[in-house]
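Trainee: Got chain A sorted already, so can you dock chain B onto it with the hints?
First to last, the protein sequences are chains A and B.
Its first residue numbered 66, the first sequence is counted upward by one per residue in our numbering.
Its first residue numbered 66, the second sequence is counted upward by one per residue in our numbering.
Where hints are given, some of them may not hold.
What the hints assert, rightly or not - Derived list of chain A stretches under chain B, where covered just means 3 residues or more per stretch with a C-beta under 8 Å from a C-beta of chain B:
#, region
1, 491-497
2, 581-589
As the list claims (entries may be wrong) - To spell it out: a stretch of chain A is covered by chain B in this simulated footprint if at least three of its residues, at any positions, have a beta carbon under 8 Å from a beta carbon of chain B; those stretches are:
#, region
3, 68-76
4, 415-428
5, 452-461
None of these hints come from the bench; they were simulated from the model.
Even for Gly, the Cβ is constructed at its ideal location relative to N, Cα and C.
There are 2 protein chains.
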Amino acid sequence: MQHDAPLDLQHAFRRLAGMHADAGEVVTLRSADGSVDRVGYREIAERTARLASALDGLGIVQGDRVATFMWNSHEHTEAYLAIPCMGAVLHTLNLRLFAEQLVYIVNHAEDRVVIIDDTLIPLVAPLVDQLPTVEHWIVVGEGDASALGDGVLRYEELLAEQPGGFSWPRIEDDRQAAALCYTSGTTGNPKGVLYSHRSTLLHSLAILTADSFGICKSDRILPVVPMFHANAWGLVYGAALSGASLIMPGPFMQAGPLTTLMERERCTVAGAVPTIWMDVLRYADEHKPDLSALRVVPCGGAAVPRSLMQEFEERHGVTVCQAWGMTETSPLASVAIPPADAVGEEHWRYRTMQGQIAPLVEVRIVADDGTEQPWDGVSSGEIQVRGQWIASAYYRDDTSADKFDDGWLRTGDVGAITSDGFIAITDRSKDVIKSGGEWVSSVDLENALMGHPGVREAAVIAKPDERFTERPLACIVRDSDVSAQELVDFLEGQVARWWIPDEVAFVDEVPKTSVGKFDKKELRRRLAEDELDDRHAVARPAAKPESSPA
Amino acid sequence: MQHDAPLDLQHAFRRLAGMHADAGEVVTLRSADGSVDRVGYREIAERTARLASALDGLGIVQGDRVATFMWNSHEHTEAYLAIPCMGAVLHTLNLRLFAEQLVYIVNHAEDRVVIIDDTLIPLVAPLVDQLPTVEHWIVVGEGDASALGDGVLRYEELLAEQPGGFSWPRIEDDRQAAALCYTSGTTGNPKGVLYSHRSTLLHSLAILTADSFGICKSDRILPVVPMFHANAWGLVYGAALSGASLIMPGPFMQAGPLTTLMERERCTVAGAVPTIWMDVLRYADEHKPDLSALRVVPCGGAAVPRSLMQEFEERHGVTVCQAWGMTETSPLASVAIPPADAVGEEHWRYRTMQGQIAPLVEVRIVADDGTEQPWDGVSSGEIQVRGQWIASAYYRDDTSADKFDDGWLRTGDVGAITSDGFIAITDRSKDVIKSGGEWVSSVDLENALMGHPGVREAAVIAKPDERFTERPLACIVRDSDVSAQELVDFLEGQVARWWIPDEVAFVDEVPKTSVGKFDKKELRRRLAEDELDDRHAVARPAAKPESSPA
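Bound-form chain A, shown alone (with noise of 0.2 Å):
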């Protein structure tokens, strides 16, 4: 039979470190005006192993969660290779978390070193002293460090001190925890997410297939999504696989940076959250950049609006391709790549669902009553999957059994799968609106809205009502000064007629999660304290005779 070799990121490293060595390369924003640091592959492997052997230096051995708290940079690189291939568990922390969810995180983690951007330190100075588990702060840069006590070593200077080389250690069980990451839902502590060798190396090569970002060696990729979240969608392992270079933004997420960065770089892949595209859009349209050595922007997080794509493409030949995942699925679940022949309307129907399911992934959708529902693209549920880089249990948790169903994440996503396997996400279950004993998809209605030239953000919740239970209030970032009968006039036509909402809020801004999601249990918050305060009432188009509750 084959060769029975453990499935693990020593194999990527390898081709990372010997046949990529001298094609590919990492480069750093360290600035806003456009000042980079470039490092080859040959070089990042000779540093990776400096660093693995400062950590083994340090006594992390086999098992230990090494912590970052980085931006995007090659140095963040280096961790997520020399960590894990030293048998190590690279446990990415996210930057945006609230002071109490990062403390949480740390000790539930154990993390006995954490590597850190010097800009970073204030974040967690304060902190310090509820991480006792934490021996080492390796810090990256030459800022002030004092406040983080002792204990403090210099990136640079501890890479300085190693001989060079490494010995890496055989990685016996390819389920050995290569990574880990925590998701942080609305409620309850955050949950930890262990990916092993085999599901990262698998992921990574999935990523590489055609039919999803199709990540190849002439590929520079731009990880705008931060290498604290689900891994950066993978790319940096799928990219030392394929020998594709990376381009990181470091701190500068701006769209300006952004913009400059890919046309200056010749970037031919970039993957971000939708708000991040909406900003480079509007950039885009006013500065006219070069954009075209970009070939592909997967794009995901959050629904992907259709106006988004059908007017990058339009004004500057850009393709944003819809993906869905998230945390616990590594996270490719599904990217919308349109079958070749679907063309105008069939085209954008495609495009705009959550995407076809990824090869090695199962997915299934399950009604309240427990019942698996037909692929029909209308029968409504759970969304749950289930697969090689997929979720099966969190982390030293036993709070959350009832997120899994033998082996099946449970997503928390509710929608429908067509029968060519496309999954069209209509809410997030607890952010569902039902209306007259009717679903009403935010999603949906956010798309439509977002549509508007004068909208920038648009978060559609639900607002209790005598009649029908709910109804569907939209809250709007205006661009210009468009009216809320305006706006709710545009939908005609687009959505179902009582999904209209009859009352519309402007603010300021949408709240956002620590990952920069929509925070709907906030508006919802302000909503039941009355804090929502620019609220319009507006006419909703007379009920016709049709089956709808309003």
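Mentor: This is chain B only, laid out in the frame that chain A set:
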């Protein structure tokens, strides 16, 4: 951690039968004039279940070998799916084997059932009495089957008799055998290569990656490579996984029907050995077909002449891409996609190598003295391969332990690896030419000679020589009345001067092995027995002072 599902071929089949049911199809060419059978994946899936049900009814249980003796067709596709998915082992029999090899293989594998195309019955009829393990012959087609004796069943009748549907067993261990293919060396008995579910599914995922064949759901794949060769390069299972359609040539392997099929069916991918493409190129030059749908033509099984690739590209806009592998490697081991920044001669240098090592595959070069050689593009030795879909032993064979070394397959190919992981094969170890103590690459000489417009085929073998031990002898099939002297003059400047043969033999055709490769052993026999009678001594350029032996 992640859901611990087996990596089995049922997953690929479920995708074909589910999300791809209405999108994909198998088209089978049924006559040289172009009539086809068109069967959608939904029907393929239903028929596959019926075939499994029928085999189950014949008493086939998990682990049993079921053989096929068939051309490429939708029935063969059904066998490809049904047999492994029911837990049995698909044993593809090579139609071109010598009778005694076929008898050996069927008996060695202990095939219980053989599915056979009616047109192929004459090939096995004389052997039936020597195949005691075969209990049933299932005949595809209506042709006379009396020569097969008792136990003959008709494929369509058998399928029609089933109730429909099949209760697929769970594949508990994904290292269970899925398929079996014998490789016939030029010495000793054929050797069986057993593929597991896991190895085959991982291989299928690999051929979907962008830097390999990049198979995607929009593809329409023409596997000219027979399905009895290394699982048709994995294209069938890759199609099931991705949803690509399959266009099957049946027995019509001539340039005319193949070209017409590619044109009419808008094939996007077509895989075959170089000799087929040389015929197609000549045919296309004459008939000017519209091959604009073809995005890539993976080509392997023998070194691909640069002239073939260049002329296809210049005259027909078709990219012929060299790939390398063998039955033992499933077969994908490397694909020759050049870096994007390699242009001109640099581009062609990459294209004419055997390709960059595929993900999840490991390669090393070992010199005669057993030392591993550096990847410098020069240091030469035997290419050895190891990985998830690379055989590490033959099936029920303990005579060939020397073909494997600690999980590494000793390929018998001799060559070098560049620092960026491209394999360049110079010879088969048994075909090497050593002249004056230095290696002469028969592969390079053949490629150069086949670049001459008057040469149809060129095979270079070693000729005993008193002074230099061996000298290369070029055996040429002419397309025009080019002279021997013109041919060697043509080589000047293309290869080292001392490589240039001092003798040319014109032959009517180059003898081929059962898998269509040049049979150099037979050529050497003819040379030894003085049967190459159209030989011409030629004047090589005078030796100038240089460090060459000749």
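Trainee: Each hint: holds or not?
Mentor: To see whether the hints hold, each was checked on the structure:
1. Closer than 8 Å: that is the beta-carbon criterion, and the region 491-497 of chain A has 0 residues meeting it against chain B, so the requirement of 3 is violated.
2. Remark: the region 581-589 of chain A is not confirmed as covered by chain B, as 0 of its residues place a Cβ nearer than 8 Å to a Cβ of that chain, below the required three.
3. Counting residues of the region 68-76 of chain A whose CB lies closer than 8 Å to any CB of chain B gives 5, so the stated coverage by that chain holds, three being the minimum.
4. Three residues within the 8 Å Cβ limit are the bar, and the region 415-428 of chain A against chain B gives 5, so the coverage statement holds.
5. Counting residues of the region 452-461 of chain A whose CB lies closer than 8 Å to any CB of chain B gives 7, which reaches the minimum of 3, so the coverage claim holds.
In summary, the structure is inconsistent with hints 1, 2 from the numbered list given earlier, while agreeing with the others.
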